[in-house]
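Fit chain B to the known structure of chain Z by using the hints.
Same order as they appear, the protein sequences are chains Z and B.
No gaps in the numbering here: position 24 of the first sequence is 23 in numbering that gives the first Met the number 0, and each next residue is one more.
No gaps in the numbering here: position 207 of the second sequence is 206 in numbering that gives the first Met the number 0, and each next residue is one more.
Treat each hint with caution, since some may be false.
Listed next, the in silico BS3-like pairs over lysine-lysine satisfying Cα-Cα at most 27 Å (straight line) [unchecked claim]:
#	chain 1	residue 1	chain 2	residue 2
1	Z	K22	B	K392
2	Z	K57	B	K469
3	B	K241	B	K278
4	B	K391	Z	K57
5	B	K391	Z	K106
6	B	K359	Z	K57
7	B	K192	Z	K57
Where chain B lies over chain Z, by a calculated footprint (3+ residues, C-beta under 8 Å) [stated by the list, open to error]:
#	stretch
8	9-17
9	100-113
Treat the hints as calculated values from the structure; they're not laboratory data.
Given the structure is predicted, the values throughout are model-derived calculations rather than measurements.
Glycine included, every Cβ here is placed at the ideal spot set by N, Cα and C.
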Amino acid sequence: MEKKVLIVDDEPDVLTYLTTILKHNGYTPLSAHTAQLGMEMVERKKPDLILIDIMMPKESGISLYTRLKEDRRFKDIPIVIISGVAQAGEFNFRDFVSDKSIPPPEKYIEKPIRVEEFVRIIDELTGGSSSARSKAGSNAKR
Amino acid sequence: MPSGKTRQKRALPPWVQYELLQQVPFNVAIIDRDYNIIEANDNFTEYFGKWRGKKCYQVYKKLDRPCDRCNSGLTFEDGQARVSDEVGVDQHGRQAHYVVHIAPLKKNPDGPVDYVVEMSRDVTETKSWQQEYQILFDRVPCYITVIDNDFRIVRANEAFRERFGDVRGERCYEIYKRRKKKCPRCPAAKTFKDGKVHKSDQVGVSKTGARTNYIVTTSPLARGSEKIAHVIEISTDITETKKLEEEIIEAERLAAVGQTVAGLAHSIKNILMGLEGGKYIVSLGLQKEDKEVIGQGWEILERNFEKTTTLVKDFLSFAKGRLPQAKMVNPNDLVMEIINLYKVVAKKSGIDLRAELDPKVKKAPLDPDGIHTCLTNLVSNAIDACQMSEKKKCFVTIRTKDERDVLSFEVTDSGGGMDYEIKKKIFTTFFTTKGGQGTGLGLLTTRKIVQEHGGKIIVRTKEGEGARFKMEFPRKRLLALYGKEKHNTA
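Bound-form chain Z, shown alone (with noise of 0.2 Å):
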């Protein structure tokens, strides 16, 4: 079965190009524009890894991964933080959440991505979705 990966991201096109690599990929890509309806699509779709934005009105991506990283139902879900806010080697989680409790993020993937590393990652983080090895990776280079 193809593993699922939701998106949680305010911008449109962010959502498209993800989805699509995704797809190509051999995942079920699943994208919420709102950490609201990220939430909702949590509950119902349980997905195997989550990839959530900082910046988002209403509310930020970090509120979301406090709420989901407090939750005992969802909490070993893996998430990557996905932003433009640091580089890569500067992002510090406790800069965002001092409170101990909450773990910091299995991974910080920094915009824009390069393709072939978030794949990877997606791949590291899930164990690779079932036709990934047979695709061995995108073919839409950069």
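Okay, now just chain B, sitting in the frame of chain Z:
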């Protein structure tokens, strides 16, 4: 001096004479020509101790011979009364300062002085206060001078003397500023005129031409209704503080530049992400020869090119700055334009958008486009705040007011409000709470336009309780702007 005859006539009963001697608030002693104390009151005894059979110098100063300069001796010689300051020792051996009044006593008015009465009073405490004040005067880390109404320095404290030398008789402006004439905005001149305390920032020039920043405070030196003949001038050197202030401003400016660059980078990253996405999808579509996918990618590319253009335009209009093109307009009309512009959007979101216009608002010289931009930014922010809050019913109100020569526009919303962290950042470049939807330049541009009108923008907000943005324009400044504008176009 009353004559011997009169004294005879007014002779008091002995007990009154005794009481008089006791009740006088002085230490009184009567001495003969050989300095023997022959009588003294209880005050004297209490202060100096046993005196019977002793000489005055033994009692006053614990000396075994007459003082070098003996004022009583002089009075015995010339019959003149005198007052002197003396330093002696009290009965506990403590050094004491006292004032001594010396008067001759004569049995025969035309004869020699038979006795001298010494009336002394302890002024040690007053003296020590005086000393403390002197120390205070000398050591406070300010330059203190007393100047006369010709601005000549009459007295100066130690700090002043150490810095400028003994320059008594010279004029303060010559010393502080190497000027030949009185300074403009001279606080001392004001104090001479109105007798009040005045304060002013002044820049001094040293011998080497170095500049020193001072805060100068002047106070009148006069008793009651006397005409002011002297003024105390206190100058505090604030050069270091000024320098620090400038360094802080510079650091903040650099930090703001840093934030601007970081913000710009963030905006560009988001656009790049879109462009990358478009490129990826187009290239995927080409591979699959799928026109629909190509079209989808192409659309993303177009949208993000458009975003680049908007960002660059916004950024340039923010960075460029232009003088407001002021025209006489009715501020209430400007507000109504905005209400008309937003009423549909507001209604759709269930927001009650209304204007509360002060009918007393008079026409004002404003840049209508600029104010339009400001009100648009504030109202669209207010509507966003309402939409983003959980509240079911929200309102946005635009108020105008024209009071005490200040014209104001106020945009209030009952949305989610802001916490301190957000409030701190709202006027920083590219800060947005609207994710990809905002450029983070709106409030910054608004503030810039308001400042260009000589006004200021004030924010009041509490998390969960909405926000109020008030733009205030002092009419005096608006008029100055209008004048400049007229001048430019003439």
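Hint by hint, here is what the structure shows:
1. Z:K22 / B:K392: Not satisfied, since the Cα-Cα distance of roughly 41 Å exceeds 27 Å.
2. Z:K57 / B:K469: holds (24 Å)
3. B:K241 / B:K278: Outside the cut-off at roughly 54 Å; violated.
4. B:K391 / Z:K57: holds (15 Å)
5. B:K391 / Z:K106: violated (37 Å)
6. B:K359 / Z:K57: violated (39 Å)
7. B:K192 / Z:K57: Not satisfied, since the Cα-Cα distance of roughly 62 Å exceeds 27 Å.
8. 9-17: holds (count 7)
9. 100-113: holds (count 4)
Hint compliance for this structure: hints 1, 3, 5, 6, 7 are not met, and every other hint is.
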